[in-house]
Amino acid sequence: MVAAALALQLVSCVACLSVCGYRSSRKGVSAAFTAKSVICGPFTPCDASKRLDHARSSSTQLYASASVSPAPSASAEHAVPPPDGSADDDGDYDAEALADAFTHGASAPMLRQISSRLTKMHVVKHDLRVDPYPEVSEESASTVVDVGRIATAHGNLREGEELESTKYRVRGRIKSIRFDGLFVVIEDVNGDGLQVMFRRNQDIAVGGAPFNATRVGDILDIGDIILIEGHPKRTTTGEMTLVAHSMEVLAKCLLPMPDGFHGLRDVDTRQRLRHLDIMTCQDSKHILLQRSQMVWLLRQFLHDRGYIEVETPILYHGYSGAQATPFVTRSEALDQKLYLRIAPELFLKRLVTGGLADRVFEIGKCFRNEGTSTHHSPEFTMLELYQQMGDVGDMIRLTEEIVATIATGLRVAVPKFTTKSMSELIEEHVGIKVEECSKEQLRNALVERGVNGSELHDTTWGGLVCDLFKHAVEDKIRDPTHVIALPADSSPLAAVDSDGVHGRVFESYLGGLEFAHGCTEECDPVKLLRKLDRCREEGLSNSRDTEFLNAMAYGMPPTAGLGIGIDRLLMALTGAGSIKQTQTFPLLKNVE
Numbered sequence: 001m002v003a004a005a006l007a008l009q010l011v012s013c014v015a016c017l018s019v020c021g022y023r024s025s026r027k028g029v030s031a032a033f034t035a036k037s038v039i040c041g042p043f044t045p046c047d048a049s050k051r052l053d054h055a056r057s058s059s060t061q062l063y064a065s066a067s068v069s070p071a072p073s074a075s076a077e078h079a080v081p082p083p084d085g086s087a088d089d090d091g092d093y094d095a096e097a098l099a100d101a102f103t104h105g106a107s108a109p110m111l112r113q114i115s116s117r118l119t120k121m122h123v124v125k126h127d128l129r130v131d132p133y134p135e136v137s138e139e140s141a142s143t144v145v146d147v148g149r150i151a152t153a154h155g156n157l158r159e160g161e162e163l164e165s166t167k168y169r170v171r172g173r174i175k176s177i178r179f180d181g182l183f184v185v186i187e188d189v190n191g192d193g194l195q196v197m198f199r200r201n202q203d204i205a206v207g208g209a210p211f212n213a214t215r216v217g218d219i220l221d222i223g224d225i226i227l228i229e230g231h232p233k234r235t236t237t238g239e240m241t242l243v244a245h246s247m248e249v250l251a252k253c254l255l256p257m258p259d260g261f262h263g264l265r266d267v268d269t270r271q272r273l274r275h276l277d278i279m280t281c282q283d284s285k286h287i288l289l290q291r292s293q294m295v296w297l298l299r300q301f302l303h304d305r306g307y308i309e310v311e312t313p314i315l316y317h318g319y320s321g322a323q324a325t326p327f328v329t330r331s332e333a334l335d336q337k338l339y340l341r342i343a344p345e346l347f348l349k350r351l352v353t354g355g356l357a358d359r360v361f362e363i364g365k366c367f368r369n370e371g372t373s374t375h376h377s378p379e380f381t382m383l384e385l386y387q388q389m390g391d392v393g394d395m396i397r398l399t400e401e402i403v404a405t406i407a408t409g410l411r412v413a414v415p416k417f418t419t420k421s422m423s424e425l426i427e428e429h430v431g432i433k434v435e436e437c438s439k440e441q442l443r444n445a446l447v448e449r450g451v452n453g454s455e456l457h458d459t460t461w462g463g464l465v466c467d468l469f470k471h472a473v474e475d476k477i478r479d480p481t482h483v484i485a486l487p488a489d490s491s492p493l494a495a496v497d498s499d500g501v502h503g504r505v506f507e508s509y510l511g512g513l514e515f516a517h518g519c520t521e522e523c524d525p526v527k528l529l530r531k532l533d534r535c536r537e538e539g540l541s542n543s544r545d546t547e548f549l550n551a552m553a554y555g556m557p558p559t560a561g562l563g564i565g566i567d568r569l570l571m572a573l574t575g576a577g578s579i580k581q582t583q584t585f586p587l588l589k590n591v592e
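Numbering-wise (the working numbering), the sequence shown opens with residue 1 and increments by one.
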């Protein structure tokens with residue numbers, strides 16, 4: 001009777017730990033599971049530990065029946081102490097508790113998958129005594145090679161040929177599992193994939209101890225990160241493959257991966273769970289890598305031309321530098337209201353005036369508490385620079401050089417820029433000469449094009465001209481274009497042209513997007529004060545930065561400035577459809 005009961009207990013335990021298979025199709029491997037055996041009721045780690053403890057008391061029979069060698073000793077690599085409640089603190093969580101912590105809501109199928117993955121993790125930790133999240137030093141990982149190197153080095157292997165004396169170590173995330181785990185496809189950080197073969201009924205080393213390769217499916221899931229050592233082989237179907245000799249589990253994946261063929265299709269989910277988007281969409285990953293390269297190219301370009309990089313405050317007791325609504329916060333220590341910066345312009349000009357350097361720049365975050373769209377984000381990254389002894393023409397040429405440098409680095413072709421005045425473009429697309437129009441005529445032209453008159457906050461002549469350009473012309477600019485001679489009162493910090501109507505200002509467009517704004521700076525402190533006070537009287541600004549005006553009164557040398565929106569420039573060069581695609585973690589409404 002005792003023997004029969006023990007046998008029944010062992011059979012129950014083995015069934016409980018039996019692997020869940022995968023459903024595959026020509027479209028790719030689905031993350032859905034098809035149970036090969038029945039899990040013994042709702043999974044709880046505590047119950048699993050008890051069943052494993054029973055099994056461990058007869059480990060010789062269990063390993064023999066499963067063709068698995070006994071577990072390694074506690075001194076083996078990645079060994080963990082047996083579960084006793086002190087060294088292992090994951091026993092308090094079941095699948096539902098983890099799903100509640102790790103997701104915004106899990107369906108019944110997802111709960112079953114999490115339960116299955118927890119079972120496999122417990123087999124790895126407590127049966128094989130292998131840490132599923134080991135510590136790995138840089139030195140020990142130095143022999144790991146990129147997956148793509150194997151295909152490059154052995155492209156001449158014939159079908160069926162293998163090189164048993166040539167060993168490679170690779171690591172990657174499991175993208176698919178076939179034939180009960182005997183074939184696994186991994187993808188490395190470069191996005192290159194490689195098939196791994198586990199030969200049936202042959203031992204591989206797992207955690208320093210022999211493990212029957214037939215049971216690899218009992219411990220692996222799609223999404224796991226593993227390290228494989230093996231030799232190259234080209235299968236009879238022509239697939240470059242690594243035949244596994246040993247395996248290390250670097251990170252168990254406890255949540256099901258999105259469908260391997262379609263990936264994430266919901267835009268909000270892709271932006272909210274950016275890490276998952278990067279795992280499953282190479283296009284998203286590529287854009288973010290291009291962003292990193294673009295910022296590096298920008299810095300190198302500017303350093304090579306004598307610009308020094310500086311940092312200016314993001315939190316300040318005032319806001320200015322652009323016409324926008326700021327984000328407001330409060331300092332408990334200072335007991336006063338603070339603002340997130342709209343632009344770093346005034347600080348950079350103070351540094352130039354103080355003589356820190358002839359040329360300064362900053363790449364940093366700016367914030368505007370306004371609407372969001374495919375082209376606008378409340379949080380964005382700006383390059384802003386200032387150069388002594390320069391003018392608006394120098395900034396236009398500098399913009400073209402910056403775009404050309406980045407485009408070359410990203411291997412993107414950019415046509416030659418054209419230059420047109422704002423008045424010229426409005427006449428071309430709207431059919432009116434703005435210099436001959438009154439403010440009332442400009443307002444009527446805007447209303448005729450569907451603009452609500454109550455939404456026109458800047459009622460100056462220049463403000464209405466810019467609004468007309470924005471609503472009737474801007475989205476029609478397809479070729480690379482510099483728009484010059486903007487109305488003077490639309491850019492109060494810029495110098496005024498000799499006609500007294502237009503400013504020494506330009507905007508640059510690429511791919512239909514405004515990405516740059518530059519000008520010859522107004523250096524006369526009295527003229528500047530007069531223009532800023534006029535803006536306050538007309539309700540376009542409600543703050544006066546005395547420290548900035550103090551610096552200007554000491555004399556700022558002839559200076560030109562340029563601002564470039566990093567996110568928008570990347571959009572234009574990569575063809576991204578939304579500014580959120582260019583940001584690692586775009587601002588989204590919180591989901592409770």
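Where hints are given, some of them may not hold.
Stated by the list, open to error - With a straight-line cut-off of 25 angstroms between C-alpha atoms, the simulated SDA-like cross-links for lysine to any residue are:
hint : residue 1 : residue 2
1    : Lys420    : Cys437
2    : Lys167    : Asn201
3    : Lys416    : Leu297
4    : Lys337    : Lys365
5    : Lys233    : Asp180
6    : Lys420    : Pro378
7    : Lys476    : Asp524
8    : Lys589    : Lys167
9    : Lys531    : Gly354
None of these hints come from the bench; they were simulated from the model.
Hinted pair, alpha-carbon criterion (25 angstroms max): Lys531, Gly354. Please report holds or violated. Holds, at roughly 23 angstroms.
Lys420 and Pro378 were given as a pair; does the straight-line alpha-carbon distance stay at or below 25 angstroms? Between Lys420 and Pro378 the Cα gap is close to 30 angstroms, so the pair fails against 25 angstroms, i.e. violated.
Between the alpha carbons of Lys337 and Lys365, is the straight-line distance 25 angstroms or under? Holds, at roughly 20 angstroms.
Measure nothing beyond the straight line between the CA atoms of Lys476 and Asp524; if it is 25 angstroms or shorter, mark the hint as holding. This hinted pair is violated, its Cα atoms lying about 37 angstroms apart.
Pairwise hint evaluation, Leu297 against Lys416, where the allowed Cα distance is 25 angstroms at most: Distance of about 20 angstroms is within 25 angstroms: holds.
Keeping to a limit of 25 angstroms between CA atoms, is the pair of Lys167 and Asn201 held or broken? holds (21 angstroms)
Is the straight-line distance between the alpha-carbon of Lys233 and that of Asp180 25 angstroms or less? holds (20 angstroms)
Pairwise hint evaluation, Lys167 against Lys589, where the allowed Cα distance is 25 angstroms at most: violated (49 angstroms)
Keeping to a limit of 25 angstroms between CA atoms, is the pair of Lys420 and Cys437 held or broken? holds (20 angstroms)
Hints 6, 7, 8, counting from the list given before, are not met by this structure.
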